Amino acid sequence: MLEGPLLPNIIKFAIPLMLSSILQLLFNAADIVVVGQYAGDSSLGAVGCTGSLINLLTNLFVGLSVSTGVLVARYYASKQQQKLKDTIHTSMAISVISGIFLAIIGILFVRPILILMNAEGEILDKAVIYLTVYFLGMPSMMVYNFGSSILRAVGDTRRPLIYLTIAGALNVVLNLIFVIVFQMDVAGVALATILSQTLSAALVVRCLVREKGDLHFDILHPYIKKHILKRIARIGLPAGFQGVIFSLANVVIQSSVNELGDLVIDGNSIAMNLEGFVYVSMNAFHQVSISFTSQNIGAGKLHRVRPIFWKTEACVIAVGTVLGYTVLFFGRPLLGIYSDNPAIIDAGMVRLWMIMTTYMLCGMMDVCVGSIRGMGYSVMPTIVSLIGACFLRLVWLWTVFRIPQFHNASMIYITYPISWALTFSVHLICFLALSRKFTKNRLKNA
513 MLEGPLLPNI IKFAIPLMLS SILQLLFNAA DIVVVGQYAG DSSLGAVGCT
563 GSLINLLTNL FVGLSVSTGV LVARYYASKQ QQKLKDTIHT SMAISVISGI
613 FLAIIGILFV RPILILMNAE GEILDKAVIY LTVYFLGMPS MMVYNFGSSI
663 LRAVGDTRRP LIYLTIAGAL NVVLNLIFVI VFQMDVAGVA LATILSQTLS
713 AALVVRCLVR EKGDLHFDIL HPYIKKHILK RIARIGLPAG FQGVIFSLAN
763 VVIQSSVNEL GDLVIDGNSI AMNLEGFVYV SMNAFHQVSI SFTSQNIGAG
813 KLHRVRPIFW KTEACVIAVG TVLGYTVLFF GRPLLGIYSD NPAIIDAGMV
863 RLWMIMTTYM LCGMMDVCVG SIRGMGYSVM PTIVSLIGAC FLRLVWLWTV
913 FRIPQFHNAS MIYITYPISW ALTFSVHLIC FLALSRKFTK NRLKNA
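Count the sequence shown with the working numbering and you get residues 513 to 958, in order.
No lab work stands behind these hints, which were simulated from the structure alone. Bear in mind the structure is a predicted one, so any value in this text is a computation, not a measurement. The beta-carbon is built from N, C-alpha and C at its ideal position, and this holds for glycine as well. Be aware that one or more of the hints could be misleading.
Claimed, not checked - With a straight-line cut-off of 35 Å between C-alpha atoms, the simulated DSBU-like cross-links for lysine-lysine are:
{"id": "1", "residue 1": "K595", "residue 2": "K524"}
{"id": "2", "residue 1": "K724", "residue 2": "K949"}
{"id": "3", "residue 1": "K949", "residue 2": "K591"}
{"id": "4", "residue 1": "K524", "residue 2": "K949"}
{"id": "5", "residue 1": "K591", "residue 2": "K742"}
{"id": "6", "residue 1": "K813", "residue 2": "K524"}
{"id": "7", "residue 1": "K595", "residue 2": "K949"}
{"id": "8", "residue 1": "K949", "residue 2": "K737"}
{"id": "9", "residue 1": "K524", "residue 2": "K742"}
{"id": "10", "residue 1": "K813", "residue 2": "K949"}
{"id": "11", "residue 1": "K813", "residue 2": "K591"}
{"id": "12", "residue 1": "K597", "residue 2": "K813"}
Said to hold, decoys possible - For each label pair, taking beta carbons as the anchor points, the in silico distance ranges come out as:
{"id": "13", "residue 1": "I612", "residue 2": "W910", "range": "32 to 40 Å"}
{"id": "14", "residue 1": "F903", "residue 2": "N630", "range": "20 to 28 Å"}
{"id": "15", "residue 1": "F903", "residue 2": "I941", "range": "16 to 24 Å"}
{"id": "16", "residue 1": "R818", "residue 2": "I523", "range": "12 to 20 Å"}
{"id": "17", "residue 1": "P734", "residue 2": "P517", "range": "21 to 29 Å"}
{"id": "18", "residue 1": "R818", "residue 2": "Y735", "range": "33 to 41 Å"}
{"id": "19", "residue 1": "H815", "residue 2": "V891", "range": "20 to 28 Å"}
{"id": "20", "residue 1": "F903", "residue 2": "E771", "range": "15 to 23 Å"}
{"id": "21", "residue 1": "D637", "residue 2": "G812", "range": "54 to 62 Å"}
{"id": "22", "residue 1": "F903", "residue 2": "M861", "range": "25 to 33 Å"}
{"id": "23", "residue 1": "P854", "residue 2": "I895", "range": "40 to 48 Å"}
{"id": "24", "residue 1": "I941", "residue 2": "W910", "range": "23 to 31 Å"}
Required output: the full structure, derived from the provided sequences and hints.
As C-alpha cells, then:
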C-alpha cells in the first residue's frame, strides 16, 4: 500500500477482496438457488425478499467494522503498536456484543417489519421462519466481519478468502442435505448459512489468536478501551447510519415491489441476487480506497492520496462496465439458474435492464465515499448519500410511482441510476475540496 506503482498493487489487493465478497454472497445465492429449484416459488420469494431487511438491521454494525479497518490501517502504518492492539481487542469485543444484540432484535421484530413491508400469506410465514433461524447466526457474522476487516486493513486479503472458500463449500453441501434429504425448506438453508458463517468466524479468530506480532488477539483477556471506542464510533456510526438509512429506503422499495404481485417479487429477488455479484466486485475497490488512503495518510505520504483515488475510480469503471454488460447479455440463462418459470425470468430481466447498464455509477459513488472516509471524514459523505440517494428515491416512490400509469416495476428501478449519478457528482466535488484542504492542513502542521 505504501510503496511502488499504485495500479498493480490496487489490483493485487482488490482481487482477493472481490473473490471473498463473491463467496460471501454465494451464501445467500446458494439459499435462493436451492429453494427455487427444490422447494417452490413461495420459498424462493420468502428468502429473496429478506435481503433488504437483513441489511437494515446489520448495516449500523457493519459501519463500525469499516471504521475498525480505517484505524487499524492507520495505526499499523504509523507503527503505533499499543493503539493497534487496543483497536483489535476493542473491535472484537464490539463484534460479539453487536452480534448478540442483533440476534435478539432480529428474532423479536422480523414478523412486524415484514408485515410493514407488505409481505403476506405463505411468503410471510416462510420469511419469518427463515429470518428467525438466520439471526441466530448474527454473532458469528459480526465476528467474521470485524476480524476480516482487521486482516484486510494490513494488506492480508488471502486468508479471509481461504476461510470463506472453506465455509462456502460447507454452505452448499449443507443446503443440499437439509433441503433435499431432510425436507427442511427455508429453515434448512438458513441453518446451513449460520453453520458455515460460524466456521468462517472461528477460522478468523483462530488466525488472530495465533498471530505473534502486533495483530495478536488475546481471546482470554478481551477488553474495551473507551478512547478507541469513541474513535470507532466517530468514524463508524455515520457510515453505519448511512447504511441503515439506505437499507430503510430499500425496505420501502421492497414494499413497493411487493405491491406488484408474486411474479414481480420473485423476479426482483433473483435479479437482485445476480446483480449483487457485480456490486461486490465493484465494492472491493471501495475497500481498497479506504485501506490505501488511510495507510498512506498514517505513513505521511499525502501525495499518493489523489492518485489512489483516480486509479481506483478507473478500476471500478472498468469492472462495473464489463461485468454489468456481461450479466445483461447472459441475463436469461443466468436467471434460469434460480428459477425455470419464464414469467419470473421476464420480471427479472426488467430489473437487469434498468440496473446493469449504469451500474458503474454506483461503484464510482462508493469509491468517492471510501476515499473520503479513508481521510477520516465520515459525516459529510453520510449527509450527501442520505440526501442524494435515499431521500430522492423515497420522494419518487411516494409521488411519481403513485401515479396509476407509472405504477410498475420500471418506475421503481429507474430511481437507482438517477440517484447514483447525482450523488456521485456531489461526492466528487466534496473529495476534491476535502483532499486539497486536508493536504494543506497536514503540511501546515508538519
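These are the hints, each one checked on the structure:
no.: 1; hint: K595 with K524; verdict: holds, 28 Å
no.: 2; hint: K724 with K949; verdict: violated, 39 Å
no.: 3; hint: K949 with K591; verdict: holds, 25 Å
no.: 4; hint: K524 with K949; verdict: holds, 30 Å
no.: 5; hint: K591 with K742; verdict: holds, 20 Å
no.: 6; hint: K813 with K524; verdict: holds, 20 Å
no.: 7; hint: K595 with K949; verdict: holds, 26 Å
no.: 8; hint: K949 with K737; verdict: holds, 31 Å
no.: 9; hint: K524 with K742; verdict: holds, 33 Å
no.: 10; hint: K813 with K949; verdict: holds, 15 Å
no.: 11; hint: K813 with K591; verdict: holds, 14 Å
no.: 12; hint: K597 with K813; verdict: holds, 23 Å
no.: 13; hint: I612 with W910: 32 to 40 Å; verdict: holds, 36 Å
no.: 14; hint: F903 with N630: 20 to 28 Å; verdict: holds, 21 Å
no.: 15; hint: F903 with I941: 16 to 24 Å; verdict: holds, 18 Å
no.: 16; hint: R818 with I523: 12 to 20 Å; verdict: holds, 18 Å
no.: 17; hint: P734 with P517: 21 to 29 Å; verdict: violated, 40 Å
no.: 18; hint: R818 with Y735: 33 to 41 Å; verdict: holds, 38 Å
no.: 19; hint: H815 with V891: 20 to 28 Å; verdict: holds, 26 Å
no.: 20; hint: F903 with E771: 15 to 23 Å; verdict: holds, 21 Å
no.: 21; hint: D637 with G812: 54 to 62 Å; verdict: holds, 58 Å
no.: 22; hint: F903 with M861: 25 to 33 Å; verdict: holds, 29 Å
no.: 23; hint: P854 with I895: 40 to 48 Å; verdict: holds, 44 Å
no.: 24; hint: I941 with W910: 23 to 31 Å; verdict: holds, 28 Å
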